[in-house]
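Quick mapping for you: the protein sequence lines, in order, are chains A, B, C and D.
Just so it is clear: in the first sequence, position 34 is 34 by my numbering, and no numbers are missing.
In short: position in the second sequence from 1, add 1000, done, that's my numbering.
In short: position in the third sequence from 1, add 2000, done, that's my numbering.
In short: position in the fourth sequence from 1, add 3000, done, that's my numbering.
It is possible that some hints are incorrect.
[What the hints assert, rightly or not] Dumping the calculated EDC-like pairs for lysine to aspartate or glutamate here, alpha-carbon to alpha-carbon at most 16 Å: (1) K2337/C with E120/A; (2) K1137/B with E1116/B; (3) K1067/B with D2398/C; (4) K1140/B with E3093/D; (5) K2337/C with D2366/C; (6) K2123/C with E20/A; (7) K2374/C with D1134/B; (8) K1061/B with E1088/B; (9) K1271/B with E1381/B; (10) K1194/B with D55/A; (11) K1193/B with E46/A; (12) K3109/D with E1145/B; (13) K2189/C with E1168/B; (14) K2386/C with E1196/B; (15) K1247/B with E3093/D; (16) K1393/B with E1381/B; (17) K1193/B with D55/A; (18) K1142/B with E3108/D; (19) K2189/C with E20/A; (20) K1142/B with E3106/D; (21) K17/A with D2166/C; (22) K2189/C with D55/A; (23) K1172/B with D55/A; (24) K72/A with E112/A; (25) K2196/C with E1069/B; (26) K1193/B with E43/A; (27) K2189/C with D67/A; (28) K2374/C with E1292/B; (29) K1140/B with E1116/B; (30) K1137/B with D2166/C; (31) K2386/C with E1091/B; (32) K3109/D with D1216/B; (33) K41/A with E1069/B; (34) K1140/B with E3108/D; (35) K3109/D with E1381/B; (36) K2386/C with E1132/B; (37) K22/A with D55/A; (38) K1220/B with E3106/D.
Think of the hints as simulated: they come from the structure by calculation, not from any bench.
A quick note: this is a predicted structure, and the numbers were derived from the prediction, not measured.
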Amino acid sequence: MSVFDGGLKAEIEGFLKRYETKRSAILPVLHAIQDVHGWIKPEHIEELHTVYGLDRVHVKEVITFYDIYKDKPVRRFQIRYCKNITCHMLGARPAIARIRAHIAALDAVQGEDGAFSLEEFPCLGKCDGAPVMLVNKERVEHATVDKIDQLLTKYAPTVLR
Amino acid sequence: MSEASKGSQETVTFTLNDREITVPKGTTVMAAARQQDVYIPHFCWHPGLKIAGVCRFCLVKVDNRPKLEIACNLTATPGMKVSSVLPEVKEAHKWALEFHLVNHPLDCPICDQAGECKLQDYYMEVGKYKSEMDRPKVLKPKALEIGSELVLDTERCILCDRCVRFEEEVTKTGALGIFNRGDRAVIGTYPDKKIEHNYQDNLVDICPVGAFTSRDFRFKQRVWFLKEKPAVCPGCSTGCHVDVHAKPQVRTYFRLKPRESEVNGFWMCDKGRKTYKHMNQEQRLRFPLLTEASGVRRRSTVDEALAALAATMLKADKSEVALLVSAAYTCEEYAAFFEFFVRSLGVTNVYQWREPTEDREAFDGLLYRGDHNPNTRGLSEALKAVGLPGEVKDGFEALLRQAPKLVIALGPELAFQFPSLPAQLSRLEQLPFVSLWTIDGAAVSHVGLKHLLPMKGYAEKRGRFLNFAGKVGELADPFPAGSEDARDVVEVVAALSEILAHSL
Amino acid sequence: MAQDKPRIILRTAGLANPRALKTYIEHAEGYTAIKKVLGGAMTREQLIEEVKASGLRGRGGAGFPTGLKWTFVPQSDTGPKYLICNNDESEPGTFKDREICTVNPHQVIEGMVLAAFAIRASKGYIYTRWEFQAEIGYLVEAIKEAYAAGFLGKNILGSGFDFDLDHYTGAGAYICGEETGLISSLEGKKGQPKVKPPFPAVSGYLGRPTIVNNTETLANVPWIVNHGAKEFRQYGTEKSPGSKLFSISGALVRPGVYEVPLGYPFERLIQEECGGYLPGRSLQALIPGGASAPLLTPEEVQGLTLDYEAMAARNTMLGSGAIMIIDDRQVLAELLKVTIEFFAHESCGQCTPCREGTGWLNNIMDGVLDGTAKPGNVELMRTVAKHMGGKTICALSDACAMPVTSYVQKFSGSLQAYLAQATAAGGHVK
Amino acid sequence: MAGVVKVALPPRDTNMFQMAYGYTSTILTGMMKTFGIFWVQITGKEKSATYEWPEQPATYSDRFKGKHFLTRRDDGQVRCTACFLCATACPAECIHIVAGQHPTNEIEKFPVRFEIDILRCVFCGFCEEACPVDAIRLGPEYAMSGLAGDKWIYTKDYLADRGELHGGITSVKVENEKHFTTDHNPHGDALIATDAPHMRHH
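Extracted from the complex, chain A is given alone in its bound form (with noise of 0.2 Å):
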């Protein structure tokens, strides 16, 4: 009985087929996987490794190198806010603050399965849009402090009244 439903478990298949070494598919296969489980989990890496022969070591390193690969459960919104020098510049830090903030007052109610979650990110490569947020994987680009409330309403309506 596999840990993968069937769709994934093919996709999984079909990535081990398609480079020239198994390994090339470690990463296309986690990001499969993540994108059906939110996150990678432990069953998921011992199942590559028993059944898929990917070497659980390998995908560990490689989940722990890439930013992109969670092996924690995730929230149902991971926002991922760009804080590189553009952004800063055009106001990172204040939106950032202020979705902190948010979560914050979420979490005092829900708990923690709270709606978001918030990674201060690196770089998102839309530094004409700065500052820039990724919600899951939808760009939001001009996330200033002052747009941050209505935005994140809008992917949870209820949870910010």
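Given chain A, work out where chains B, C and D should sit, using these hints.
Using the frame of chain A, we list chains B, C and D on its own:
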């Protein structure tokens, strides 16, 4: 393996520190320097491992090249002029060291590596400066039990990557990885997976700092108190060349380390590393024991013991005498032993003493062999030399069937490699008179054994072992014996013949 | 004299549905170059010669001559070879390749087919950073279209030349923009650069000959094939011909990506393209080539032209053409902290000087911001940076050292002042 | 007797009285001095340099190198990390340490046994100087006489909290500093400061 072997027949001549050096084509400057005993400081480079080039310590200056280059990945080309002693190079080394020490905990006082730590060595060599680092350091997990033989301190680790490469290239277990990145990077195994193989302590050896420490040696002794002498590991028929580390003034052995040789390369197995314990006081047979006619067993002097043995020998006819010989003694000892008992006394009942459960052909593909005796080859050749069948077979049962009046038994040296030893000893107790020559203290508990002679350990005597391939392993520089009464076979035989010569 | 603002790369910009294969073919001589080359009008050698003659230099940052790079692939080697499009564009301040993917992805694909033909590569990858989710979609779509139209795959246009192109997504690591780091990542490993030699052109992806080119570089190739090196050289300067995409960000009216010939005056770019600074703001300092470039003072910016030589003359670099305007409202200490923090976060942790050095600098900057650092530490940063430079496998260490050196060298005063202020305030000033 | 030169001269003066006078005068001068001092003291004109020890206690300076003691951490644990540096420095080889892994991970290494063979000790104080963590010091206790059969090997417990230490002495070294981040020792002065807690504080 080593860069030198990669090179073809054609050679390259280049200059290192104004010294002409000719090496096989394809040799790196680092390897060449090592062959010439020119020392270029380094952490990540190891002759037995692939090149990583990450510590950036072995920087050298090559003429007409703008940047300093790392010697470990710098292939020697004809006419190249390399220097590892220029001021700018020294400065680079100093800063390389500084960077290594930025987040190093400097807990040398409680670090077992202190005294043989490369960081300390280089500090004395290229450092001796006041550190510029005055900010709080990055803290990482300490004293992790990462393997049955190992303790890992990730704070001391300088991420030279040697251990990871060892796991990948030598043992091929790949248990170790480097997780996270930047200065948060740590060495480790996969969560709650431990390193499990027979070569763990090599990680301690190749670790240039105190990140990996041996659980067996941990906190036992400071290395600067230890004296090391070369020897050959008696753990199996590979006969790895080793250095025995001991503190002679307290007659205690502390550890074994591999000595580079064509037999074992740079490594040795953990089983072999345990082959010092039996020579320490608490485990060894420290004095002769003999059982008098009254049946009382008492401690005796060596002379008494030998006299008693000689007396018994005189009473017995040579047909009633049997020799039970294990393969743990040196060629010289066998020669003397058989010369005396077989050639001059005419004893013909010679039996080999082996571990019945052993699988002599077994081999783990790296070093460790199923034949757990250092000198099987030497024994059979010694037997052939005196006209006896040389093939290796366990003669223990045959001996019991023959049930001779007098048995002279050369006991195995390593009890832990002889699981059946206790059982075998109890069975020997049934025989009328067994003179057991051994270093194994456990023999004392077998009261039925009438005559016990304490033997010297392999680190305490001179001689040669022949390994599985017939390669000679030399025991040249012995420690003083762990107990005054301990003798080697040659000495015992000499004394016996002396006594017999007089009494005849 | 050709018109002074050529359209070489963003040729479909402004058109309806610019990404579509149809648009590319109709309005931008789409795939005519490979028809020309694979049709036999040009041999491999001629192609490489043409690119060499054009003087095209790598647009990824290093500015290495592209044609020359291609010649490094051992032609005797008959085994598989690889061509990788470096679309990781992770240098802070750079977003030109993203623009290419958005506006004109097919030109990149065509460029890759040509490059692959030149170096006899049978397999290619486009490596894009994860953050470009939408752009990844565009590329994958474009690749599909190209396959369908027979511009990719087996026996392209009946020429007997096979080239398979696949897309690979990164996972958030600056270092994967370094070519050997990218290759490691492509091999499913940590994106750690490989010790050189051997160089990728000899032993790269899976130990096979591999050429890694930047997206913009490849996008130039079809145009060069179509119009010839001579015409290409009409744009730009003697030493750095052609046009270049500049990513301009900061307190400007219209920040964005602009294609102008190399050697274009900086001031003109700001005023004409970007519509000048935001009202009430003026230039405090300029980062001309991404976060890793030494920054320039307003004095140095006087008469600055955008080309490799002018930058070199000012001891800085054009890099990937990422221009960041630091206006007078910015606190340089904070920006330096942001910069160093970025590199400390992104250091792959392989080489000691980089791993510990970036961390150490970051550590000191923390001290500067919260006032716990000693006055001497600012100068110390310069010393540390000095010994980080040129000692490591890849250039990340230098990339961190260079801005630090320039900050301390040119703005030591304001850093010291900030530190004093912070120490007095016993913590963050703001 | 060739080559032998007679050098002895005959007594210049053989007058017995004069010779005797010389001797007697010297003796008398000496006697007078003795009786003089005897008189001065017996009449209490001047105080004697000697006094009645042990009834009257004798105190030495804090820096006097007397009986060893081991300092403690704030939490009462023995400060010593069993680094063997004192044993290494000891010229008399009178310090015997057995190190062990501490159950708690904050303190990695600690002395299971720490013994000083005081009969071999030469009180050079090298152990005190060698110690990187201010764990061992030589206190001002000088009275170490004892009878045959007394314990001459000082154990860890004795060194750490014998009666005279009044429950042990806390190290001046701050706990969370396991090591110095620079070669300059921020406690360098404190470690040798005379106001470091010594017995006189108890």
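Outcome of the hint check:
A C-alpha spacing of about 14 Å is found between K2337/C and E120/A, which places the hinted pair at or below 16 Å, so the restraint holds. At most 16 Å may separate the alpha-carbon atoms for a hinted pair to count; K1137/B and E1116/B exceed this at roughly 24 Å. About 13 Å separates the Cα atoms of K1067/B and D2398/C, which keeps this hinted pair within 16 Å; it holds. Distance check on the hinted pair: K1140/B and E3093/D sit about 37 Å apart at the alpha-carbon level, beyond 16 Å; violated.
Restraint check for K2337/C and D2366/C: the C-alpha separation of about 7 Å stays at or below 16 Å, so the hint holds. At roughly 10 Å between alpha-carbon atoms, K2123/C and E20/A fall within 16 Å of each other, so this suggested pair holds. Among the hinted pairs, K2374/C with D1134/B is consistent with the structure: their alpha-carbon atoms are about 9 Å apart, no more than 16 Å. Using a Cα cut-off of 16 Å, the hinted pair K1061/B and E1088/B holds, with the two alpha carbons roughly 8 Å apart.
Simply put, K1271/B and E1381/B have alpha-carbon atoms about 27 Å apart, too far for the 16 Å limit, and the pair is violated. Under the criterion of a C-alpha separation no larger than 16 Å, the hint pairing K1194/B with D55/A is consistent with the structure, at around 15 Å. Among the hinted pairs, K1193/B with E46/A is consistent with the structure: their alpha-carbon atoms are about 12 Å apart, no more than 16 Å. With a C-alpha separation of about 15 Å, the suggested pairing of K3109/D with E1145/B holds against the 16 Å cut-off.
For the given pair, K2189/C sits about 14 Å from E1168/B by alpha-carbon distance, which is consistent with the 16 Å threshold. The straight-line distance between the Cα atoms of K2386/C and E1196/B is roughly 44 Å, outside the 16 Å bound, and the hint therefore fails. With a C-alpha separation of about 14 Å, the suggested pair K1247/B and E3093/D falls inside the 16 Å cut-off, and the hint holds. As the CA atoms of K1393/B and E1381/B are separated by approximately 14 Å, the hinted pair is consistent with the 16 Å bound.
A hinted pair counts as satisfied when its Cα atoms are at most 16 Å apart, and K1193/B with D55/A qualifies at roughly 13 Å. Restraint check: the Cα-Cα separation between K1142/B and E3108/D comes to about 9 Å, which is no more than 16 Å; the hinted pair holds. With a C-alpha separation of about 14 Å, the suggested pairing of K2189/C with E20/A holds against the 16 Å cut-off. Annotation: proposed proximity of K1142/B to E3106/D holds, straight-line Cα distance about 9 Å (limit 16 Å).
Proposed proximity of K17/A and D2166/C is supported: the alpha carbons are some 13 Å apart, at most 16 Å. Taken as a hint, the K2189/C and D55/A pair is honoured in the structure, with Cα atoms around 11 Å apart against an allowance of 16 Å. Proximity of K1172/B to D55/A is assessed by CA-CA distance (about 12 Å); at most 16 Å being required, the pair is judged to hold. For the hint linking K72/A to E112/A, the alpha-carbon distance of about 13 Å falls within 16 Å, and the restraint holds.
Restraint check for K2196/C and E1069/B: satisfied, since their Cα atoms lie roughly 11 Å apart, inside the 16 Å limit. This hinted pair checks out: K1193/B and E43/A have alpha carbons roughly 14 Å apart, not beyond 16 Å. For a cut-off of 16 Å, the pair hint linking K2189/C to D67/A stands: about 14 Å separates their Cα positions. Note on K2374/C and E1292/B: the hinted pairing is violated, with a Cα-Cα distance of about 83 Å set against a maximum of 16 Å.
For the hint pairing K1140/B with E1116/B, the CA-to-CA distance comes to about 23 Å; that exceeds 16 Å, so the pair is violated. Under the criterion of a C-alpha separation no larger than 16 Å, the hint pairing K1137/B with D2166/C is inconsistent with the structure, at around 44 Å. Taking the CA atoms of K2386/C and E1091/B, the gap is about 12 Å. The hint holds against a cut of 16 Å. Between K3109/D and D1216/B the CA atoms are separated by roughly 15 Å; this keeps the pair inside 16 Å, and the hint holds.
Straight-line distance between C-alpha atoms of K41/A and E1069/B comes to about 43 Å, which puts the hinted pair past the 16 Å bound. Restraint check for K1140/B and E3108/D: the C-alpha separation of about 14 Å stays at or below 16 Å, so the hint holds. Of the pairs offered as hints, the one joining K3109/D and E1381/B is violated, with about 51 Å between alpha carbons and a cut-off of 16 Å exceeded. This hinted pair checks out: K2386/C and E1132/B have alpha carbons roughly 14 Å apart, not beyond 16 Å.
Note on K22/A and D55/A: the hinted pairing holds, with a Cα-Cα distance of about 10 Å set against a maximum of 16 Å. Note on K1220/B and E3106/D: the hinted pairing is violated, with a Cα-Cα distance of about 20 Å set against a maximum of 16 Å.
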